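Student: Given the sequences, and given the hints that come with them, work out the whole structure.
Everything in the sequence shown is counted per the working numbering, starting at 451 for the first residue and increasing by one.
These aren't lab readings, by the way, just hints derived from the structure by calculation.
Computed from a predicted structure; not experimentally measured.
Not one of these hints is a red herring.
Pair ranges (Cβ atoms, derived):
{"no.": "1", "residue 1": "476", "residue 2": "519", "range": "29 to 37 Å"}
{"no.": "2", "residue 1": "513", "residue 2": "533", "range": "17 to 25 Å"}
{"no.": "3", "residue 1": "483", "residue 2": "518", "range": "28 to 36 Å"}
{"no.": "4", "residue 1": "472", "residue 2": "537", "range": "28 to 36 Å"}
{"no.": "5", "residue 1": "516", "residue 2": "489", "range": "35 to 43 Å"}
{"no.": "6", "residue 1": "473", "residue 2": "538", "range": "31 to 39 Å"}
C-beta atoms are modelled at their ideal positions from N, C-alpha and C, and glycine is treated no differently.
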Amino acid sequence: MTSNKGKYDVELTITLTEAPGAVEHEFVLLGSGGEVSQGSTLPDPRAALAAVEQFGEEIFFPIPRPDRICTQQYGGPQVAVVTGRFRGREVSSRFSRTDGCEIARWRTMAALLGGVAGSTGNI
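Tutor: What follows is the structure, given as structure tokens:
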């Protein structure tokens with residue numbers, strides 16, 4: 451993908467693992483000017499791009515909040531790693547479902563993580 455550097459506003463690779471030891475699923479999201487570009491492999495790339503455009507800054511580059519309290523609940527073993535570029539900035543984010551805050555992040559970006567809003571990310 452390095453040959454396309456700068457060609458896209460959004461150039462992300464998502465690696466989703468449903469459970470420890472499970473087969474990894476890899477997806478790509480490419481977008482430019484708010485439109486999905488050819489080569490995107492997510493089940494719903496338009497919804498994924500919409501989520502990234504709306505919440506990407508906040509999700510990928512969060513401002514630390516030491517006062518944040520997260521409920522102690524377990525949402526499942528799924529893990530997704532998102533790498534690439536978003537509006538010229540390097541992205542390297544890990545998503546899981548280990549507590550209430552992480553579950554909320556997952557739901558916000560579910561379409562990007564290979565699922566649909568509110569899902570566990572199951573394919």
